[in-house]
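Student: Sequence:
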Amino acid sequence: MPNLKNPVAPQELLAVAAALKVGIFDALYQKPATIDELARDLSLDRRALWTVKEALVDLGYLTESDVLKLTPESIDLFYNEESENYLGYAIIHTFNVIKSWTGLPEVLKSGHPLPRERDKQDIKGFMAAMKRSAKEVVTELEQICLAGLPREPKVLDIGGGPLNFARPFARAGAVVTVQDVPEVCSVMEKTLLPGEKIKFVPGDFTKGIVAGEFDLIFLGNICHIYGPKENKILFKRVFDSLVKGGRIAILDFVRGISPRAALFGINMLVNTETGGTWTMDEYTSWLKEAGFCDIELHNLSVRQIITASKEN
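Using our numbering, the letters of the sequence shown correspond one by one to residues 1133 to 1444.
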């Protein structure tokens, strides 16, 4: 029986994620196939494919008679977004995180993450993981971020390419600008629906953010990627692009409050040069230095939202 939500061992997760990454599940979702057809169509080594296939059958992800087929449980896990067990491509992100963590002994000696090249599957996995985590907080987050703002607030969503928060903001009446790296913008801009009040502006926000007079600038899962120096610079740029009375909203794991913050700090250690998780005192200091006032913490249990205002 597939057990990815609470794997009995990491080997199961790694085997399943590898199969998803090389296209085995996608190919069988399109049509059942023999092992020889899969090996040919996906350019896989037959012996290696046979060995992994045997485990996937034994674990309940595949069935085999004349051809290999996905089990109903696999379809729910990877393709049925309405299923309570749905994980989709988010598992590839978990796979990549585990790979990064295996380099922790070297990182402890050097202080730097190991080199890693991302492919299209990695980007797809990351975006799927962000979508899953956003669902946990989006309703409450929207209410906190937009409370008291004008009827059609101008919102800048920094690093918001996956549209996990931009879309709820737009549905609530906001006019949303999304700034993200060009490769994400080019993919996600094509997914916009007719009439959606969202526009993309490609750009590296570590070098500058969109100039304008925004009512809200949202930083969702951004600050943990960078250290104090980078976050101070970013907060000052945000301050300068807000209208008087405008708001910054930061969604992240706050160290000392979130039960996940300490371990997540290691995740940033093995994946970034300066990232980590930061305390409320640190956020407060950086925000005050940038000129913000009315700093508040909103606890969503696992993650937190910090809001602050640009004085009228």
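Don't read these hints as lab results, they were simulated from the structure. Certain hints may be false.
Said to hold, decoys possible - Now the in silico label distances, taken between C-beta atoms and shown as ranges:
no., residue 1, residue 2, range
1, E1328, E1214, 21 to 29 Å
2, Y1218, G1280, 15 to 23 Å
3, W1233, G1359, 17 to 25 Å
Stated by the list, open to error - As a list, the in silico DSSO-like pairs of lysine-lysine whose alpha-carbon atoms are at most 27 Å apart:
no., residue 1, residue 2
4, K1231, K1256
5, K1322, K1267
6, K1322, K1368
7, K1185, K1201
8, K1267, K1241
9, K1376, K1364
10, K1185, K1267
11, K1368, K1339
12, K1420, K1286
13, K1185, K1241
14, K1153, K1286
15, K1153, K1163
16, K1286, K1364
C-beta atoms are modelled at their ideal positions from N, C-alpha and C, and glycine is treated no differently.
Student: If a hint holds in the structure, say so; if it doesn't, say that too.
Tutor: Structure-based check of each hint:
no.: 1; hint: E1328 / E1214: 21 to 29 Å; in the structure: holds, 22 Å
no.: 2; hint: Y1218 / G1280: 15 to 23 Å; in the structure: violated, 35 Å
no.: 3; hint: W1233 / G1359: 17 to 25 Å; in the structure: holds, 20 Å
no.: 4; hint: K1231 / K1256; in the structure: holds, 17 Å
no.: 5; hint: K1322 / K1267; in the structure: holds, 22 Å
no.: 6; hint: K1322 / K1368; in the structure: violated, 32 Å
no.: 7; hint: K1185 / K1201; in the structure: holds, 11 Å
no.: 8; hint: K1267 / K1241; in the structure: violated, 37 Å
no.: 9; hint: K1376 / K1364; in the structure: holds, 20 Å
no.: 10; hint: K1185 / K1267; in the structure: violated, 33 Å
no.: 11; hint: K1368 / K1339; in the structure: holds, 12 Å
no.: 12; hint: K1420 / K1286; in the structure: holds, 23 Å
no.: 13; hint: K1185 / K1241; in the structure: violated, 38 Å
no.: 14; hint: K1153 / K1286; in the structure: violated, 39 Å
no.: 15; hint: K1153 / K1163; in the structure: holds, 17 Å
no.: 16; hint: K1286 / K1364; in the structure: holds, 23 Å
Hint check: violations occur at hints 2, 6, 8, 10, 13 and 14; the rest are consistent with the structure.
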